[in-house]
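**Student:** Model the full assembly from the supplied sequences, consistent with the hints where possible.
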Amino acid sequence: MKAPGKKKKAESRPQEVTVCTRRSFIQTVGGLLISSSALGTGLLQPESIFAAPRRREITIGTFGPSHCAAPFVYTQIKDFFKSEKLKVNLVNYPTMPGIAKDLASGKLDFGQLVAPLALAMHTGAKPFGSPTPVVITQIAGTNGSALMVRNGSGIDGPKDFKGMTVASHSKLGVNYLINMMFLEKNKLDYKKDVKFKLVGLKDMIKAMKNAEVDAFVMPEPVNAMTEDKGIGRVKLLSKYLWWNHPCCSLVTRKEMFDKDRALVASVTRMMTKGGLLINEKETRGETVDFLRSTQKYRYNTIPRNVLMRAFVPGRADFYPFPYQSSALVIIEIMKRYGLLPRAVNDKKLAKEVFLSDFSRMIMKDVGAKPPKSNYRAEKILGKVKRFS
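In our numbering, the protein residues as written are 1 to 388.
Honestly, I wouldn't trust all of these hints.
[Claimed, not checked] Straight-line Cα separation of at most 27 Å, DSSO-like style, residue types lysine-lysine; simulated pairs:
no., residue 1, residue 2
1, K351, K385
2, K364, K101
3, K185, K159
4, K126, K159
5, K209, K101
6, K254, K171
7, K185, K335
8, K335, K192
9, K364, K351
10, K107, K126
11, K364, K335
12, K347, K372
13, K171, K107
14, K162, K206
15, K162, K101
16, K192, K209
17, K195, K335
18, K347, K383
19, K347, K85
[Claimed, not checked] With beta-carbon atoms standing in for the labels, derived distance ranges:
no., residue 1, residue 2, range
20, K202, N151, 12 to 22 Å
21, S130, G154, 45 to 55 Å
22, N305, K202, 32 to 42 Å
23, K383, P127, 49 to 59 Å
24, T95, D289, 23 to 33 Å
25, L381, P133, 49 to 59 Å
For the record, the hints were derived by calculation from the structure and aren't laboratory data.
We treat Cβ as the ideally placed atom computed from N, Cα and C, and that holds for glycine.
**Tutor:** In structure tokens:
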């Protein structure tokens, strides 16, 4: 397999590890052969690697047009799944809880879920009545959020948030956790010092325009659309609160993973290929044009200049590796805000859901250089948090 491209500086290329350049990556993905190092891990036994998936037609639920839906849509309309002889029905859902519901029932085989929602689903935490064990085989989007403040709100520094109305669209989202991180960093109590409220995703821009909301943390391209309309401005990109944090992910039921690991490998392999390609800095304009080339997934409803702003490298990225250290950060904050039971074993849950070892093999398979460890130094609120 051809060696990955040269490393770039962290600020211009926010990933922690090197991936192939676009040219070398395209050259290497042709073979798509599992490396021999993967065979001894137990995640993919030889018979599951080379055996054909038991099923050929699957349904994936996605939530778009959004930052994290881009790898799903790009992979589908590029016909990557066909190289695995798979027929994929990519269904765009109006809500992410709807994806979770249909994934749990078996109506969907895979889904785009934000990581906290997948963890809640796995443990049976609210709003789920019982656990549905799931696994995350790939991160669909990294970064992709921003703390937005309303123009004319008078918000300049952190102290100006006191008494203001701050919103999120769901508590089971990384955007909510980022929101809480900001308030914590600045010693603001979300129950006492600000007026916190939940506002529907589709209603957030209108709410800010009507001065019903002074600040929010939302996924792209909502932030870029808010800027474009002259309603609000970026106070802080989410990467400066938590460097290269995960957002949505490729999720399937653990039952499916155990039953047909070859199928899961096939889907993840093509999704990883798509994610790595659109993560390349040089491909962003091409990616935006490609996403907007079809009406089916509704990216064409968003002006090109807005998507280009939303998808600026570093502001919104698509690095696929699911770090278990990132899962630990999410689990810790979810517990603090009552979104997961206190009794949950953090490391056990992270290992069960975030399949770092599996993703590492898939990345090697498509010619990328994955991280050597399942843990990284997590840069949060200006401090470095390390996990053993």
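**Student:** All the hints need checking, so say for each whether the structure fits it.
**Tutor:** Cross-check of the supplied hints:
Among the hinted pairs, K351 with K385 is consistent with the structure: their alpha-carbon atoms are about 18 Å apart, no more than 27 Å. Annotation: proposed proximity of K364 to K101 is violated, straight-line Cα distance about 33 Å (limit 27 Å). Between the alpha carbons of K185 and K159 the distance comes to roughly 12 Å, so the proposed pair stays at or under 27 Å and holds. Restraint check for K126 and K159: not satisfied, since their Cα atoms lie roughly 33 Å apart, outside the 27 Å limit.
Note on K209 and K101: the hinted pairing is violated, with a Cα-Cα distance of about 32 Å set against a maximum of 27 Å. Distance hint between K254 and K171 is fulfilled; the C-alpha atoms sit about 24 Å from each other, no more than 27 Å. Restraint check for K185 and K335: satisfied, since their Cα atoms lie roughly 18 Å apart, inside the 27 Å limit. A distance of roughly 20 Å separates the Cα atoms of K335 and K192; the hinted pair therefore holds under the 27 Å criterion.
The hinted pair formed by K364 and K351 meets the criterion: a straight-line CA distance of about 20 Å does not exceed 27 Å. Distance restraint check for K107 and K126: the Cα-Cα separation of roughly 21 Å lies within the 27 Å cut-off, and the hinted pair is therefore satisfied. Simply put, K364 and K335 have alpha-carbon atoms about 34 Å apart, too far for the 27 Å limit, and the pair is violated. Between K347 and K372 the CA atoms are separated by roughly 18 Å; this keeps the pair inside 27 Å, and the hint holds.
This hinted pair checks out: K171 and K107 have alpha carbons roughly 25 Å apart, not beyond 27 Å. With a CA separation close to 22 Å, the supplied pair K162 and K206 stays within the 27 Å bound. For the hint linking K162 to K101, the alpha-carbon distance of about 37 Å lies beyond 27 Å, and the restraint is violated. Between K192 and K209 the alpha-carbon distance is near 24 Å, which keeps this suggested pair within the 27 Å criterion.
Distance restraint check for K195 and K335: the Cα-Cα separation of roughly 22 Å lies within the 27 Å cut-off, and the hinted pair is therefore satisfied. Distance check on the hinted pair: K347 and K383 sit about 21 Å apart at the alpha-carbon level, within 27 Å; holds. Straight-line distance between C-alpha atoms of K347 and K85 comes to about 36 Å, which puts the hinted pair past the 27 Å bound. Our hint of 12 to 22 Å for K202 and N151 holds, since their Cβ atoms are close to 21 Å apart.
Take S130 and G154: their Cβ atoms lie about 47 Å apart, and the range 45 to 55 Å holds. At about 21 Å, the beta-carbon gap between N305 and K202 misses the expected band of 32 to 42 Å. Checking the proposed 49 to 59 Å range against K383 and P127 shows it is violated: the Cβ atoms sit about 32 Å from each other. T95 and D289 have their C-beta atoms about 28 Å apart, which keeps the hinted 23 to 33 Å range intact.
At about 32 Å, the beta-carbon gap between L381 and P133 misses the expected band of 49 to 59 Å.
In summary, the numbered hints that this structure violates are 2, 4, 5, 11, 15, 19, 22, 23 and 25.
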